[in-house]
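Asker: These protein sequence lines are chains S and B, in that order. This note's numbering applies: residue 1358 is where the first sequence begins, and numbers increase by one. This note's numbering applies: residue 1358 is where the second sequence begins, and numbers increase by one.
Among the hints, a few may not be true.
Since copy identity is lost for identical chains, a pair holds within one copy or between any two.
[To be verified] Computed list of lysine to any residue pairs in SDA-like fashion (alpha-carbon distance at most 25 Å, straight line):
| no. | residue 1 | residue 2 |
| --- | --- | --- |
| 1 | 1640 | 1700 |
| 2 | 1544 | 1566 |
| 3 | 1495 | 1664 |
| 4 | 1640 | 1612 |
If you're looking for bench data, these hints aren't it; they were derived computationally from the structure.
Number of protein chains: 2
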Amino acid sequence: MRIDEIDTPFVAIDMDVVENNIRKTQQYYNEHGIGFRPHIKTHKLPVIAHKQVAAGATGVTCQKLGEAEVMAAAGIEDIFIAYNIIGEAKVDRLLRLTRQVTMSVAADSEYTVRGISGAAAREGCDVRVVVEMDTGGKRAGVQSPAEAVALARLIDSLPGVTFWGLMTYPTRPDTAPVFEETVRLLKQDGLEAKVVSGGGSSCRFRVHETPVITEHRAGTYLYNDRNMVASGTATWEDCAMRIVATVVSRPTADRAIIDGGSKTFTNDQSREGGFGYFPDYPKAVTYSQSEEHGHVDLSQCDRKPEIGERVQVIVNHACGTTNLHNEVVAHRGGRVEAIWPVAARGLLR
Amino acid sequence: MRIDEIDTPFVAIDMDVVENNIRKTQQYYNEHGIGFRPHIKTHKLPVIAHKQVAAGATGVTCQKLGEAEVMAAAGIEDIFIAYNIIGEAKVDRLLRLTRQVTMSVAADSEYTVRGISGAAAREGCDVRVVVEMDTGGKRAGVQSPAEAVALARLIDSLPGVTFWGLMTYPTRPDTAPVFEETVRLLKQDGLEAKVVSGGGSSCRFRVHETPVITEHRAGTYLYNDRNMVASGTATWEDCAMRIVATVVSRPTADRAIIDGGSKTFTNDQSREGGFGYFPDYPKAVTYSQSEEHGHVDLSQCDRKPEIGERVQVIVNHACGTTNLHNEVVAHRGGRVEAIWPVAARGLLR
């Protein structure tokens, strides 16, 4: 079966491109002796996680317990949850995971750490806790090296938890001095960060410039998307994910309507404007979206797609798109290799 | 069980508010003798569609065949698909639906109409076709009354299809004269529009001002959301949908991180800025989102939520949010009444 025979809209994943992205990225980390722990948020597929690990990844990164549960049940053996796990129900799930696989988890507060420690001590578990630092991303994370060290000390003093290292997202120019100062202060206290973890896809080939980092996390590099191309660190040829859509209306000479809108592409923005890039119609612009319609301006196109024609679209943001779709179609050169349920989609807890 | 016992994040639906929204809206249409055909895109739940029909709705509106298939299989008997159905595979599914329930479908081109007619004639079916008109929304739809009449004439002349009327989305100030002129021209040709259908939630109580319209379609009115409140046609009390989230980090005095981001709330925008409204912290602003983190600015709040605290959020756009979630929690006054799988989510074909 070829992808041309599958009804639209659907997500097509070019497995040759995926495997090339895995290989090229892992090779960089191997060459530089840096650990690589890909984030599964982009694909949410056990089969791809296994390919990443087989290529040499240290393990995987998940953002939610539900994702980690899917990966553990699929045989992935080393998982880092880059998220504060809060509340009894979630901590209990974390402890179950700790019994199954090598687990580590982020924390940025005494509240999170004490919640995990208390339950882990009662259950006779030990959880590796990585201190999350805000190094300019203005998201979660402790605000200074001193705060990080204080939290590391607390972890070190509590039962059921082991201080394991530091993480941030994303790695930024300000990250290096913050991590370096923190590692120095930790050493003074006799504490060792076994892992110093940065994150982000667009910086994935520049991690060696920050020697304090021992491990990197990236997700989007796997499929790539319009925002990755805009960042200058991927080409259109590196983009493994495309939405295949059909032109369902050509109401005017300059307008096409395709059978996917915000529920197919997300409303995730691109600095380039519009929603997605049409490789066969590079000047076509999706100027707006309804939920199930993409409204495409063809006025700058020399050649224009006809009604009934199938078009391919490289999305603004691959990870958000994955999360909308129940399944993806994996192919090589257009020949269908598999139709995979997106096993870890919609698992928000 | 109370909603306080369900782990976050999740979608909570207040059924008292839902039923009030259904009743109040249907009452308006009854009083004015206008048909009302709610759009199921907002809830994607058979049980709610049945409540809408039981209250007096003419039938329901779906946007995709997959949604219509779920509704037909759940016993909904009158369905309009407000979408051009293109391609053999989809037309075949449309004909199957036509055998099960009273079906009508939109079309804005000869291409769509001939595709349906050819297959329907071969299969001995007859499909009601409603001509979609662009009355200023710049989406799908024929561009003028003359084009609408030409397409209606074509439908009237072909086997397997019956000209059924006109539709547009959204109803705008420009809509009335376009519909009126089209109906006049149709009459001159001996053609009758059995339905003249407008759409939109924010205009749902002003449809009587456009007497040419015989039926209205609206979806968001059911749950309401931040954008509906901004439109001035719903209050916060009319908002039945809330995301219940937990504060998982308080990295600074003025910042909270909640356990839902773009994969919980969508990146659908609001004219008010930010992502969602916190009824208990009205001055809190979600200034940005990662995929699983909401980044909330508390600097304007008198009182601030603590780490571990549960917060409720009224989303920017209810329909997009429904589409992200595998299930919703229906409750009355906080007591859980049902946890429903969102049966028609992710059905993009």
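Asker: Against this structure, judge whether each hint is valid.
Answerer: Each hint tested on the structure:
no.: 1; hint: 1640 x 1700; result: neither (35 Å within a copy, 38 Å between copies)
no.: 2; hint: 1544 x 1566; result: within (22 Å within a copy, 75 Å between copies)
no.: 3; hint: 1495 x 1664; result: between (46 Å within a copy, 17 Å between copies)
no.: 4; hint: 1640 x 1612; result: within (12 Å within a copy, 41 Å between copies)
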